[in-house]
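K.L.:
Could you build the full structure based on these sequences and the hints that come with them?
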Amino acid sequence: MGTVNEPLVRLDSVELSYDGAPVLAGVDLTLRAGDFVGVVGPSGAGKTTLLRLALGTLCPTAGRIERARGLRVGYVPQLETVSWSFPVTVAECVLMVRSDRWLPWATRAERRAVTEVLDRLGIAHLADRHIRELSGGQQQRMFLARALLRDPQLLLLDEPTSGVDVATRHEMLHLLGHLHDDGMTILLTTHDLNGVAAHVPDLVAMNGTVLRRGAPADVMTPTVLEQTFGAPMDVLEHLGMPVVLDRKRHPRRPVVEAP
Amino acid sequence: MIETVIETLLEPFGYAFFVKGVVVATLAGALCGLVGVYVVLRGMSYIGHGLSHAIFGGFAASSVIGLNYVLGAGIWGFASALAINRVSRAHRIGADAAIGVITTASFALGVALLTVFGNRGPSFDAALFGSIIGISTADVWTLVAVSALTVAVVLTRYRALLFATFDPEVADVSGVRVARTDALLMLVLSLAILATLSIIGVTLVAATLVIPAVVARMLTHRFATMLCLSSAIGALCGLVGMNLSYHLDVPSGTTIVLTGATVFALVLMATGGRGLQRAPRAAVL
Numbered sequence: 426m427g428t429v430n431e432p433l434v435r436l437d438s439v440e441l442s443y444d445g446a447p448v449l450a451g452v453d454l455t456l457r458a459g460d461f462v463g464v465v466g467p468s469g470a471g472k473t474t475l476l477r478l479a480l481g482t483l484c485p486t487a488g489r490i491e492r493a494r495g496l497r498v499g500y501v502p503q504l505e506t507v508s509w510s511f512p513v514t515v516a517e518c519v520l521m522v523r524s525d526r527w528l529p530w531a532t533r534a535e536r537r538a539v540t541e542v543l544d545r546l547g548i549a550h551l552a553d554r555h556i557r558e559l560s561g562g563q564q565q566r567m568f569l570a571r572a573l574l575r576d577p578q579l580l581l582l583d584e585p586t587s588g589v590d591v592a593t594r595h596e597m598l599h600l601l602g603h604l605h606d607d608g609m610t611i612l613l614t615t616h617d618l619n620g621v622a623a624h625v626p627d628l629v630a631m632n633g634t635v636l637r638r639g640a641p642a643d644v645m646t647p648t649v650l651e652q653t654f655g656a657p658m659d660v661l662e663h664l665g666m667p668v669v670l671d672r673k674r675h676p677r678r679p680v681v682e683a684p
Numbered sequence: 194m195i196e197t198v199i200e201t202l203l204e205p206f207g208y209a210f211f212v213k214g215v216v217v218a219t220l221a222g223a224l225c226g227l228v229g230v231y232v233v234l235r236g237m238s239y240i241g242h243g244l245s246h247a248i249f250g251g252f253a254a255s256s257v258i259g260l261n262y263v264l265g266a267g268i269w270g271f272a273s274a275l276a277i278n279r280v281s282r283a284h285r286i287g288a289d290a291a292i293g294v295i296t297t298a299s300f301a302l303g304v305a306l307l308t309v310f311g312n313r314g315p316s317f318d319a320a321l322f323g324s325i326i327g328i329s330t331a332d333v334w335t336l337v338a339v340s341a342l343t344v345a346v347v348l349t350r351y352r353a354l355l356f357a358t359f360d361p362e363v364a365d366v367s368g369v370r371v372a373r374t375d376a377l378l379m380l381v382l383s384l385a386i387l388a389t390l391s392i393i394g395v396t397l398v399a400a401t402l403v404i405p406a407v408v409a410r411m412l413t414h415r416f417a418t419m420l421c422l423s424s425a426i427g428a429l430c431g432l433v434g435m436n437l438s439y440h441l442d443v444p445s446g447t448t449i450v451l452t453g454a455t456v457f458a459l460v461l462m463a464t465g466g467r468g469l470q471r472a473p474r475a476a477v478l
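If you're matching them up, the sequences are chains A and B in order.
Here my numbering is used: the first residue of the first sequence is 426, the next is one more, and so on.
Here my numbering is used: the first residue of the second sequence is 194, the next is one more, and so on.
No wet-lab data here; the hints were simulated from the structure.
Hints should not be assumed to be uniformly reliable.
Not the full set, but computed from the structure, chain A residues with beta-carbon under 7 Å of chain B [what the hints assert, rightly or not]:
#1 Y443
#2 V522
#3 D525
#4 N619
Pairwise CB distance ranges (calculated) [stated by the list, open to error]:
#5 B:L348 / A:T540: 21 to 29 Å
#6 B:A454 / A:L528: 35 to 43 Å
#7 A:S560 / B:M194: 57 to 65 Å
For each residue, glycine too, the CB sits at the ideal point set by N, CA and C.
P.N.:
As structure tokens, this is what we get:
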């Protein structure tokens, strides 16, 4: 883990275009050791692109990206992008990140490390199962285990709360909270506004650029959300946390006065 | 009665050319089965078909300029594979379209060259459909060398190849040199097609890459087991197919592929196609 407040990744006036069409413009974002950041925004806002820029699999069209020297990054992809018919077991999938070794088979130390990380995430009993036999939450945990096996300084997760039920979504965010408590730096993207408002201390609202960054109470405001999503949203406060209501789904009912 | 059957089955083994053919077909089947696992799992089943056609272009060009056809076609095939890889990775067009354009153009060029300048190398028919009697000692040694190289690559780059096949993006950020690994696989694939071309033929080599791997996938959900099973099934199809080729007097490529297709149908009936369900992929290659 890096020293707290040490910048791990810094995006400075970053722009990115696909075939001339701008996806991101003027993005400034710094991730420091110990940060736990959730990126929210509508589909097509450039959240995954931002993640890939931080990851280093995409290069910006303009601007600068600086990464800490020798930064180890763990990446958890979207479940929708995974080839679930691929013939691998959970343990084999997790072990993939140890690809620097030329031995085809796992050493005893590697098997122990895989068992430990799976055990830490509560899925050690599924090690010999095929990856398609897992539930959505277990699949997320498996990819998290794979990322953790690299002993990363920075953990990037693309939509870790999508494709799973509400309970699993909260379980995953709790788990990430525990990892953050242990010192892990985390950046995730999500559509689950209320989930991140409750579990993630630092939010980024974006739509082509970073519109606002701050604590949930600063980002989850009707003004910022309308600016981000282009639709009016209501925000209530419940137990000191903001709760977002989509006004289209929850239209304000006319107040009917009692006779 | 049984003695007569056994005698008939063993009769061709009295001919040196047939023994050589059986050994080569078995080895070729195992080699294609091994490489085919990566081809199938990358969703590139069409590449075997395409590359064999591209290599035919190289075969024709080498024949025209008097270059060793193994070397010429090998370089041509590898260049085509890299071009397909590069074009499809750019995401501008799909891998299937890239394969379609590059390899059919190469095949057409090959046919044009042979038509205009004539053939000075192996026969045109043998290159298209494979031949039991067209196998030279050089073919045997080429196949042995390519098989040894392929096994060495699969063993020493096992983890990198697996990761780059399953999840190229995460593999890339996890320290795997994905572009280099892909290029290595393309080289091995080109060499495997080239080394088996004379026995199986341009038009049928794709099936020997795909069928054993697909059958193996229906029988296991473990990658290492799939590699072993696919190689074994490929070898079995080569052995049985070559014997059928002799007894039925039809080109060896056809009988090897038909044997594979029969195995596929039997396993499909027995397993219901388990493991073959389609699923989305992160990247083309």
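K.L.:
Compare the structure with each hint and give your call.
P.N.:
Going down the list of hints, with the structure as the test:
1. Taken as an interface hint, Y443 of chain A does not check out: its beta carbon lies about 9 Å from the nearest beta carbon of chain B, beyond 7 Å.
2. Satisfaction of the interface hint for V522 of chain A is found here, the shortest Cβ-Cβ separation to chain B being roughly 5 Å, below the 7 Å cut-off.
3. The criterion of a C-beta within 7 Å of any C-beta in chain B is met by D525 of chain A, whose closest approach is roughly 6 Å, and the hint holds.
4. The interface hint given for N619 of chain A is violated, since its Cβ lies 28 Å from the closest Cβ of chain B, which is over the 7 Å cut-off.
5. In this structure the hint that L348 of chain B and T540 of chain A lie 21 to 29 Å apart at CB holds, the actual value being about 25 Å.
6. Separation of A454 of chain B from L528 of chain A is about 36 Å and conforms to the stated range, judged on CB atoms against 35 to 43 Å.
7. Distance hint check for S560 of chain A and M194 of chain B: the Cβ-Cβ separation is about 59 Å, which falls inside the suggested range of 57 to 65 Å.
Of the numbered hints given earlier, the model fails hints 1 and 4; all others are met.
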